[in-house]
Amino acid sequence: MDKVNYNGQKIIAFADKTILKISNVSIKGLNTKELENSLMEKLNTIVRIIGVTGENIEMDIYNLSPEDVLKDAHGIIKAVSLTEGIKAENVMDLSAEKAVQVDIDNIDIVKNISCARERWQSYERSNNTDRS
Amino acid sequence: MNAAIIPTGAEILAGTVLDTSSAYIMQKLIKYFPDCIVTKLCPAADVQDIIINKIDICVKSNPDLIIITGGSGGGHRYSSSLACDYTHSALSEYLDKYNASEIYGKNGHLWCRLVCGFKNDCLVINLPGPYAEATAAFDAFLEAFDMNEIDIVKINNQMINAVYSKYPVSEVL
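Read top to bottom, the protein sequences are chains C and B.
In terms of this note's numbering, the first sequence is residues 1 to 132.
In terms of this note's numbering, the second sequence is residues 1 to 173.
Here chain C stands alone, though its shape is the one from the complex (with noise of 0.2 Å):
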């Protein structure tokens, strides 16, 4: 059978988006909705979990700046702490930064399924560009 395939809708959001990342934590069973709920009700901001390990988190907060993110940085180890399913066993390390940018206007997003970060290092290098 031929394969087809439409090109459905390409939506661009424009949010701002900062990547908090939680280490030194042991991890079994965790509830995301839970840890997500809590730490959008401190941050007033929307939360997502994107990646989990055993012993890191890491999460995009959207609409504040690492520094705003960090400010209230007890609160947000109260609130992991009180989370079923994680336990802090030493000093709980939080870093926050700002997601790298990939300037969409240059990549083509039609083309491609990959990545719009890997179409645009692709674009630097076949322009010997080093916008990274």
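Don't take each hint at face value.
What the hints assert, rightly or not - Listed below are the simulated DSS-like cross-link pairs for lysine-lysine, each with C-alpha atoms no more than 25 Å apart in a straight line:
1. C:K33 to B:K40
2. B:K106 to C:K98
3. C:K3 to C:K42
4. C:K21 to B:K106
5. C:K10 to B:K166
6. C:K3 to B:K154
7. B:K154 to C:K10
8. C:K10 to B:K106
9. C:K3 to B:K60
10. B:K119 to B:K97
11. C:K42 to B:K166
12. C:K98 to B:K60
13. B:K97 to C:K3
14. C:K28 to B:K40
15. B:K28 to C:K33
16. C:K10 to B:K97
17. B:K28 to C:K3
18. B:K166 to C:K33
19. B:K31 to C:K33
No lab work stands behind these hints: they were computed from the structure.
Dock chain B against the given chain C, drawing on the hints supplied.
Just chain B now, kept in the frame of chain C:
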């Protein structure tokens, strides 16, 4: 209706994170289709070939619908500490016919790619990993789904718009 749920992700497989999305999907399927049979499969690791293989085995048991959760973003491509996100690309490779929509952040990152399509007569969709996005997308799927006339473009559009509505703001190209 015979449906199968395939969660993906090492964190789900290891029990590090609770799989709350599968429970939600199952509950909704039972509500909308009281006579349905729902099977939740063992989670698949974030490896494209493993995901394809798992879907292929599932398709051979002739379900009407397969729902795959997780692995819909850019993943490790933006952060070395994140896992790979290969569900969407696995579906593009595997399905006979599909519609795919994407949400990018203004920083250029791929935030979410949803695919809706067919392998033989089996309808296959994917949902994002975060619970709020997965449940919004699945609710939109149920609203758009008509068993007598399955429109993959309509389903895919409604699902991606539902995910988009969960982000703080806005502009559609």
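Structure-based check of all given hints:
In summary, the hint linking K33 of chain C to K40 of chain B is supported, as the alpha carbons are separated by about 20 Å, within the 25 Å threshold. For the hint linking K106 of chain B to K98 of chain C, the alpha-carbon distance of about 13 Å falls within 25 Å, and the restraint holds. A threshold of 25 Å between alpha carbons decides the hint, and for K3 of chain C with K42 of chain C the separation of about 48 Å lies outside it, so the pair is violated. With a C-alpha separation of about 21 Å, the suggested pairing of K21 of chain C with K106 of chain B holds against the 25 Å cut-off.
As the CA atoms of K10 of chain C and K166 of chain B are separated by approximately 16 Å, the hinted pair is consistent with the 25 Å bound. Among the hinted pairs, K3 of chain C with K154 of chain B is consistent with the structure: their alpha-carbon atoms are about 19 Å apart, no more than 25 Å. The suggested pairing of K154 of chain B with K10 of chain C holds, with an alpha-carbon distance near 15 Å, which does not exceed 25 Å. For the hint pairing K10 of chain C with K106 of chain B, the CA-to-CA distance comes to about 12 Å; that is within 25 Å, so the pair holds.
Distance check on the hinted pair: K3 of chain C and K60 of chain B sit about 19 Å apart at the alpha-carbon level, within 25 Å; holds. Note on K119 of chain B and K97 of chain B: the hinted pairing holds, with a Cα-Cα distance of about 7 Å set against a maximum of 25 Å. Distance restraint check for K42 of chain C and K166 of chain B: the Cα-Cα separation of roughly 18 Å lies within the 25 Å cut-off, and the hinted pair is therefore satisfied. As the CA atoms of K98 of chain C and K60 of chain B are separated by approximately 45 Å, the hinted pair breaks the 25 Å bound.
Our distance criterion of 25 Å between C-alpha atoms is met by K97 of chain B and K3 of chain C, whose separation comes to about 6 Å. At roughly 21 Å between alpha-carbon atoms, K28 of chain C and K40 of chain B fall within 25 Å of each other, so this suggested pair holds. Taking the CA atoms of K28 of chain B and K33 of chain C, the gap is about 18 Å. The hint holds against a cut of 25 Å. Taking the CA atoms of K10 of chain C and K97 of chain B, the gap is about 19 Å. The hint holds against a cut of 25 Å.
With a C-alpha separation of about 31 Å, the suggested pairing of K28 of chain B with K3 of chain C is violated against the 25 Å cut-off. Pair hint K166 of chain B plus K33 of chain C holds up; C-alpha atoms about 14 Å apart against a cutoff of 25 Å. At roughly 22 Å between alpha-carbon atoms, K31 of chain B and K33 of chain C fall within 25 Å of each other, so this suggested pair holds.
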